[in-house]
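Respectively, the protein sequence lines represent chains A and B.
The numbering used here puts the first sequence at residues 1 to 363.
The numbering used here puts the second sequence at residues 1001 to 1285.
Certain hints may be false.
Cβ-Cβ distance ranges computed for the label pairs, FRET-style [claimed, not checked]: (1) A:Val-322 - B:Tyr-1111: 57 to 65 Å; (2) B:Leu-1109 - A:Thr-60: 29 to 37 Å; (3) A:Asp-356 - B:Val-1265: 23 to 31 Å; (4) B:Leu-1258 - A:Ile-352: 34 to 42 Å; (5) A:Glu-360 - B:Ser-1143: 45 to 53 Å; (6) B:Val-1265 - A:Asp-262: 42 to 50 Å; (7) A:Arg-218 - B:Ile-1032: 37 to 45 Å; (8) A:Gly-348 - B:Ser-1145: 29 to 37 Å; (9) B:Thr-1050 - A:Asp-262: 12 to 20 Å; (10) A:Asn-44 - B:Pro-1117: 32 to 40 Å; (11) B:Phe-1027 - A:Asp-356: 31 to 39 Å; (12) B:Gly-1011 - A:Ile-352: 50 to 58 Å; (13) A:Gly-158 - B:Pro-1031: 54 to 62 Å.
Bear in mind the hints are in silico, worked out from the structure with no lab data behind them.
All C-beta atoms in this analysis are idealised placements derived from N, C-alpha and C, irrespective of residue type, glycine included.
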Amino acid sequence: MRTTKMLRSAALTAVLVLVVAACGDDDTGTVATVDCAPGQVDGNLNFYNWSEYMDPDLITAFEAQYGVDVVESFYESNEAMLSQIQAGVAYDLVVPSDYMIKIMIDEGLVYQLDKEALTNYGNLAEEFRTQPYDPSGDFSVAYQYGTTGLGVNLELVGDAFVPSWALVFDPELTQNFAGGVSLLNDPRETMGAALEYLGYSINDTTIEHLEEAAQVIRDARAGIATFDSDQYDENLANGEVAVAHGYSGNMIVAIGETENPDNFTYVLPEEGATLWIDNMTIPTISTAPCTAHTFIDFILDAENGAQLTNWNYYGSPNAASVPFLDQEVVDFYAATEAADTEVITDTGDYEINFTDKFAEAKS
Amino acid sequence: MSVSTGLRPKGPIERLLAANSWLVFIFFYAPILVLVVFSFNANNNVGIWTEPSLHWYREVFANETVMGALKNSVIVAGISTFFATILGTMAALSLERFRFRGQRVYDGLLYLPIIIPEVTMAVMLLLFFAQGFQWLDAAVGWSPSFGLGTISLSHIAFNISFVAVVVRARLGQMDPRLEEAAADLYAGRWQAFRMVTLPLILPGVAGGALLALTLSLDDVVITNFVAGPGATTLPVYVFGLVRRGVTPLINAVSTVMLVASMVLVAVSFGLQRGSRSRVSGSNDR
Chain A
1 MRTTKMLRSA
11 ALTAVLVLVV
21 AACGDDDTGT
31 VATVDCAPGQ
41 VDGNLNFYNW
51 SEYMDPDLIT
61 AFEAQYGVDV
71 VESFYESNEA
81 MLSQIQAGVA
91 YDLVVPSDYM
101 IKIMIDEGLV
111 YQLDKEALTN
121 YGNLAEEFRT
131 QPYDPSGDFS
141 VAYQYGTTGL
151 GVNLELVGDA
161 FVPSWALVFD
171 PELTQNFAGG
181 VSLLNDPRET
191 MGAALEYLGY
201 SINDTTIEHL
211 EEAAQVIRDA
221 RAGIATFDSD
231 QYDENLANGE
241 VAVAHGYSGN
251 MIVAIGETEN
261 PDNFTYVLPE
271 EGATLWIDNM
281 TIPTISTAPC
291 TAHTFIDFIL
301 DAENGAQLTN
311 WNYYGSPNAA
321 SVPFLDQEVV
331 DFYAATEAAD
341 TEVITDTGDY
351 EINFTDKFAE
361 AKS
Chain B
1001 MSVSTGLRPK
1011 GPIERLLAAN
1021 SWLVFIFFYA
1031 PILVLVVFSF
1041 NANNNVGIWT
1051 EPSLHWYREV
1061 FANETVMGAL
1071 KNSVIVAGIS
1081 TFFATILGTM
1091 AALSLERFRF
1101 RGQRVYDGLL
1111 YLPIIIPEVT
1121 MAVMLLLFFA
1131 QGFQWLDAAV
1141 GWSPSFGLGT
1151 ISLSHIAFNI
1161 SFVAVVVRAR
1171 LGQMDPRLEE
1181 AAADLYAGRW
1191 QAFRMVTLPL
1201 ILPGVAGGAL
1211 LALTLSLDDV
1221 VITNFVAGPG
1231 ATTLPVYVFG
1241 LVRRGVTPLI
1251 NAVSTVMLVA
1261 SMVLVAVSFG
1271 LQRGSRSRVS
1281 GSNDR
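This is chain B alone, in the form it adopts within the complex (with noise of 0.2 Å):
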């Protein structure tokens, strides 16, 4: 976009800022390499290396125990990223577009899933879904159990703010003249949103639902709290194999995952490209 291409440091000062971009890549991504690294190794010690070998990869994948967990997770992920993107897109499009009373309080509440910690919110989730089967069954005989339910939509609820956020800066960003432009040529309010907003917000929901998902799929501590029978997910599960000490069966799985956000990234960015060609032009920078 506006990042100027081609151009080499010169001073003594942007070389020094290029050496250091390089070192913060190097922090980022020498971990996830080694982790790579050593999931190829045949040895049961995640630092003896041995020889090369697929034998973690094999275990992950006839373990059924952790295929079992892998698919819990994904289901949960794929549930609380559909929702929570559409409910955040449109918590920030409230905020960002329109008054209303209450509105200050509203902004400041939505935040809050961000701000408090983690385990406190997991305690309240536990007690209100404690609670709320407790009267639901008091009043109608019938309560729903813990289990994906519970999980999915303790998710939600944490992963509307941070949509919210992604989005919201996005639509900070976007000329609102463009949408009253839309209005002179006629387009109806819905109709303004789906050719003219949406297309230009959609890099900010992509990566608030991207956001989301990975948040989803890596969460432990209200995960473990809201869980019920049969609803163990991934990180749970690996949590819990470090009481065993750290073998390379970890450093397959975590790969696997890896490598299934690389793809989900690059689809995202291949959507984005496919959008914004389509809207070229109409990019305000």
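Pulled out of the complex, with its shape left as it was, chain A reads as follows (with noise of 0.2 Å):
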């Protein structure tokens, strides 16, 4: 999801192309249904995911309850994904991050599932089953979700802290935090927490607000170790930084492997925090649309939903596999559940203005 910049833009760039390449022939607009019946298979599954993502003794247990195979492929950015599925490649499951859900759904490349064969839709928790990427709920079910926080070194800090944004833009407080804070090195999640800082939404387009968010940036420099996205984990690890700004699976992780976890925490600041969410969804040129329907349903069973997220760390949408998880991450994800957290969305011709502003703040 979060890998270089540049690349990402030359694949949307890529995917423009092929969707204009793609126009003449296709028939957005109609909603392709299917009709499945509870545990039907219709064929192999071949399910294309995120590296490290899926537990391979799950696919191994479908595999033997349901007698097909399961052939998994991986991707490494959205972009990627959707331009093998406008190109044709016939894949039977994927799982985009939020808003690539909404850029399929208006292309009309996914189906409308059938909610009738997903006998354990009910496990899903009530606030994931509709975001604004997927209104309606029905072209997509969540798989894991995340969010983007802050990982404190409480020897460096202290116990007495407000959660909030302040402890990396207050630079009065930064100051004095021995090696700094880090920041994300990504346009849309720093400027995102600088708008929530100011008490805007994430997703806030008003130029006069950005400048504000930069404004932010700019003046906390004094206390900002550095502007990074790839190490900052380890750094807050190390006790090169006092706070981190960074995603949660990564810190849960970092934390989790010092000699003193207890010395480190992960907050959700109070003025609002990003959320992203992974969804499984089945493109409309899947050749087994019912194991995939399967196979979505049997990961929206209780204690396969717990063995998933006890295998990747991330946070689980399934409320009836709460009692089968780990304490450490019911623990880790108990603060999201309380904070107020936000999706990013696509702001189009928008995101420009995050990159630039970003970019000047920085300099």
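Both chains come to you apart, so use the hints to assemble them.
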């Protein structure tokens, strides 16, 4: 999801070319449906997923239970996945991030799900059933989620702190932290954090608000040690920075690996934070849509959902799976449920403003 | 070869140059050394050393997905290197030894894959395959699918240019009179090529093949676009892993690939040495 920006935009350009090229013969507007029975299989499953995101034992269990083969392939960006689907490569199940779901629905690339085949759909937590990118919840089922927040070194910051974006943006505060703080080198995330610090939405595109946000980052520079998206978790664990802005999945792993995990905590600022959700969806190019439905239902099962989360350590949208989860995962994501979170949406032509203002603020 | 041996740097400029070459050497190899050392780290974090361990190597070899991806990479690299080396060498020979119509255009076009951005080439190939398969399906009711085949074809497509560049450089250094001499001694075209030209350009061909192999082994962008179900290669998989943060698993995988390519280089040096001793004296320098 968060690979290099350049590769992402290059791939997006490529996708646009494909969209234009495909425009002649597709029938955008009509919704593709499919009729499946619970547990029905209609062929082997070509599963296209992110690396290290699915427990191989779950795949083996599914194969044994339903007598089909699952071939798992991997992608490293939503855009690369989209281009493959556009080109007509027959994958049966994909796991795109939030904004990409919207693009795929708008392009008519995914099936409307047959909810009758999803017997375990009730296990899905209420708040994950509908999201702005899929308002009806008819096209996608949440797979795993994560947040963007702050990892805090309690030895360097102290126990008595308010979980707020001030921990990275208030220079009076941050200048006292040994090592300073690190911010993500990502226009949407870091500008979004500044927008929330100011009380705006992370998806606010008003140019004046973006300028204010850039000013927040500029004013905070004295306490900012680095803008970094790759090593922040290790820098936090090593004690090189006192507070790190970053993704929950990396934080939980890095903190868990330190000699004394109790010295660290991961918080979501009270002003609000970013939420991202990856979702299972079935491309219309699929040759085994019913097997894909059965697989989604299999993951929605309480124990299978818990096994998935205990394996990849991301947040689970499966409410019924909570009793089967490892305690540390439950504790880690407990903060998320209380906090005010928002999903980053694609702002289209306004994306460039985020990038420009962020670049100005950093230089 | 022509490098003077046993000479120690004397003047200040020479010393400076020597120091610089050592710096370049360190610049190249220090990161690799760090990578290798940390692949033997027991800790889950790349940057925190705890104790030496083979944990991550066990993890690599026990991880079926990684091994599957490695297998795909080796298959693609093997196939694409084999064909690109043959086609690239032929292209270099035709450009260097013959005159024909449209040669300049051909010459220019041959280097296109080196010049154009990788992602452009990736989209071109993807569209080409998608359209081609559609037409084929309409014409004969059957079409191949995306997978290792399309990846291999794409790698052959960009590797031909790189092989051709390397082989041409070698051909350019070769004295064409050697081939004429062979012809004077009643060698046929094929015999002259087989007995004279090929042994002389073999280091170039081997170099081109190694370059092709390396490029194929670490290509992400093009592979990502033209892949199909079950055809994930190792670099694509590793790139996706970074989403979870870098673990020493990546170090261990990289070290395995590094050792494999060093073995290949050693083998190719060995081959070249063997062939050089057979044609010793014919070296034009």
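* **Index of numbered hints that the structure contradicts, given in increasing order** => Numbers 2, 3, 13 - these are the hints that the structure violates, sorted from lowest upward.
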